[in-house]
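Student: The task is simple: from the sequences and hints, build the whole structure.
So the protein sequences, as listed, match chains W and U. Using the numbering used here, the first residue of the first sequence is number 1, and each one after it goes up by one. Using the numbering used here, the first residue of the second sequence is number 1, and each one after it goes up by one.
Because the hints were derived from the structure by calculation, they are not lab data. Treat the hints with care, as some may be off.
Covered stretches of chain W (in silico footprint by chain U; criterion: 3 or more residues with CB under 8 Å from a CB of chain U, positions within the stretch not fixed) [what the hints assert, rightly or not]:
{"id": "1", "segment": "130-143"}
{"id": "2", "segment": "222-231"}
{"id": "3", "segment": "235-241"}
{"id": "4", "segment": "244-257"}
{"id": "5", "segment": "315-323"}
{"id": "6", "segment": "394-403"}
{"id": "7", "segment": "441-450"}
Yeah, the Cβ is synthetic: ideal placement off N, Cα and C, and Gly gets one too.
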Amino acid sequence: MRKLLAAIFAVLGMLSNAGVTATTPPNVLVVGQIAEPKSLDPHAVTALNDFRIIMNLYEGLVRYTPGTLEIEPLLAESWVISDDGLRYRFRLRPGVRFHDGTPFDAAAVKFNFQRMLEEAHPYHDTGPFPLAFFFSSIDRIDVVDSLTVEFVLTEPYAPFLSNLAYPTGLMVSPAAVKRYGKAFGRHPAGTGAFRFAEWQPNAKVVLVRNPDYRAEYRTDAAPLEAVIYRPIADANTRMAEMLSGGLDVMVEVPPDSLQRFRRDARFTVHEQAGPHLWFLILNTRQGPFADKRIRQAANYAVNKRALVENILQGSAEIAAGPVPPAFAWAYENSLVPYPYDPQKAQALLDEAGYQGQELTFYVTQGGSGMLDPVTMGTAIQADLRAVGMPVRIESYEWNSYLGRVNAGLEGKADLAEMAWMTNDPDTLPYLTLRGAAFPEQGGFNSGYYANPEVDRLLARARRSTDRAERARLYKQMQVIVQEDAPWLFVAHWKQNAVTSVRVKNFQLQPSFFLLLQRAAKP
Amino acid sequence: MPAYIAKRLLALIPVLFGLSVIVFLMMALIPGDPASAILGSYATPENVARLNRDLGLDRSLPEQYLIWLGNLFEGDLGRSYSLNRPVLDEVLERFSATLILAGSALLLCSLLGLLAGVVSAVRQYGWADKLITLLVLVGISTPSFWLGLLLILLFAVNSQWFPASGMYAIYGGGDLADLLHHLFLPMLTLSVVATGVIARLTRTAMLEVLRQDYIRTARAKGLSERRVIYHHAFRVALVSVIPVIGIQAGFVMGGAVYIETVFQWPGIGSMLVQAISSRDLLLVQGGVLLVTVAYVLINLLADLAQSLIDPRLRR
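Tutor: See the structure below:
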């Protein structure tokens, strides 16, 4: 017995000394991800978790200027848009090569979009490409010469450029697609500052510095030698890995844990507001919310500051209208959020003759961008009850929730939680606030809001190629929508990340992409 | 004996068939579909329909099932759309990780459980018995995912003796010592409850046996106490404990679902959780089938071991 115990302790001692090194080596950045990536084919994925890897492997014709949502050249040196907004002609940078050594040229650009869009294309079966509709306005692509490519659109479509900066618009190597077929997503090749080295399923994805990265026209070659992405699904375990030194970067830190990292000198907390909106869809077709005054009353009744500060622990900002301020050029700065004013809410309810009818409130149990939906839902329920609006919560798991809400609230609910992250100020209002975007027409206007003036402004903004004009139209639209209150505007999420203090030049982007080209870890 | 094994293995076929139908139906019944899971907020009916067509999910359910069954006979479990790789590759890889974790946990809980049970029975009402009974009670009542987090906090975050998650070091490592180093905490967590159950039953079985007449005879013959306990009593008690170990194997594999998630162990349990939430039918099917086969085989092994120890069962 004693011998056995001694043996056990000896083994324990051996094990615990086997690898006490819990610090990561210099010039190698270890990033804690929230899940195993689905694929490293930028056209086949939809999740932010995958984008965090992909944005460091690939480049698009254009990109968002770091720190903003403005478009600037990347693989294209310059472009010309025809006056009717139908033709986009891009001049490509010469001398760029994919990681597999093949040249990047106009034919490669054409291949990329044809693979996604044309069902008859020989490599269309390497999909599916769930977000290909971002480019459904493309009619055809002409290779003018090896470094000039022209897109011809079926109708003017202003978000075209920002969609090109989105992961769905990144350029993959045609040779690699032809070589690996369906397995391309596990053998990616782009033109980015990092190239793919290894993918050990459920353990890590390794990217290494691209030695051929052309410093003269882009940023300098990456200071990091390698980036290792580790999938750690459980938030507590991710925390533990960060605290024990197994990670250099941790994304999506639960708000409750941010304080702990803020107090600890070994870590730096980063926050960045982005194009995200958390709101409640109000059913304007039937029930109390068909009356604008009652919709406004609900906006006055909810204490958004308490939601943002107490429940979300400062990880979000109060929303004023339907467009996130991250789209600085299109945001109406004069917009002031509905203040928390229960008396005013009460007065509006009385004026509208609201009789205290019970409201059905759809709440999800979790989901992409939904923050803390159950706690937030119950707090909103309490605020509405305080002004005499009895609310009954119905709660669903995210998948079934989307099925219910996207089909429209009619006959089911009076209000529903929703969140969107978009890459252009056009996307969210165009898909969710137009009279022609009701669910029965294939849109996302689940609350059936319709205002001809808003429809006109959005249609004009989408057709315009002049950014100043677009900005003016979006700003007008925001004022009207805030007044009409088809939604209860709640919050814009600030994405966060924690890095070890050894990590330098780390910056979160308003696009929510994780860009590591400039990060260093000496 | 071979006929018996063959019979047991043949009985596996209808079980697997029935189970595959149930899994298919259950995945069809739970709300939400893979296309909406992929598209998220972009899931318009139009986009969903197009994606379903691309994924081959626009066929009727019986049709999908028959295609799957047909492929199965050719050894093809299909392709996981959520991981974009063959289901077979994924489940085999994941299953071997689970086998390492669950196997070592089962070994550990059998050894510790039997040892504690015997000591406890032999020293009935002594301090060792009381201590073991207390520990067993605490062990059985501790939720294992909570224990896992506690161990991570103590031994990975605070003292940094062991890594907090994963199966191998992220750079370097990859050898047996590295594996054992990563294995220790999840294995310990996973074995605690089963250790308690086995210890408790071993104690009862031993007490039962020790009261028998033949034990008194053995002692009267003048055999050493050690010989009486290990050769006469323990061997008989073991016969009734072994099926319990077989059943615990099932619980350990079930418990691996939580433990693998907590420790980010790349096993089949955490894979199933992920597969269900992304509505990856083929991956769920493949995983469940493999786990079932393993469960049946382990119980078959337990039965065989039992008859090896107890000659009366060998007919």
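Student: Given that the segment 235-241 of chain W was listed as covered by chain U, double-check it with a C-beta distance under 8 Å for 3 or more residues.
Tutor: holds (count 4)
Student: Between the segment 222-231 of chain W and chain U, see if three or more residues pass the 8 Å beta-carbon test, and mark the coverage as holds or violated.
Tutor: With 3 residues close enough to chain U, the hint holds.
Student: The segment 315-323 of chain W covered by chain U? Criterion: 3 or more residues, Cβ-Cβ distance below 8 Å.
Tutor: violated (count 0)
Student: Would you say the segment 130-143 of chain W counts as covered by chain U, given the rule of at least 3 residues with C-beta under 8 Å?
Tutor: holds (count 3)
Student: The segment 394-403 of chain W covered by chain U? Criterion: 3 or more residues, Cβ-Cβ distance below 8 Å.
Tutor: Since 7 is at least three, the answer is holds.
Student: Please count how many residues of the segment 441-450 of chain W have a CB within 8 Å of a CB from chain U and say whether that reaches 3.
Tutor: holds (count 3)
Student: Do three or more residues of the segment 244-257 of chain W come closer than 8 Å to chain U, measuring C-beta to C-beta?
Tutor: holds (count 3)
Checked against the numbered hints given earlier, this structure breaks only hint 5.
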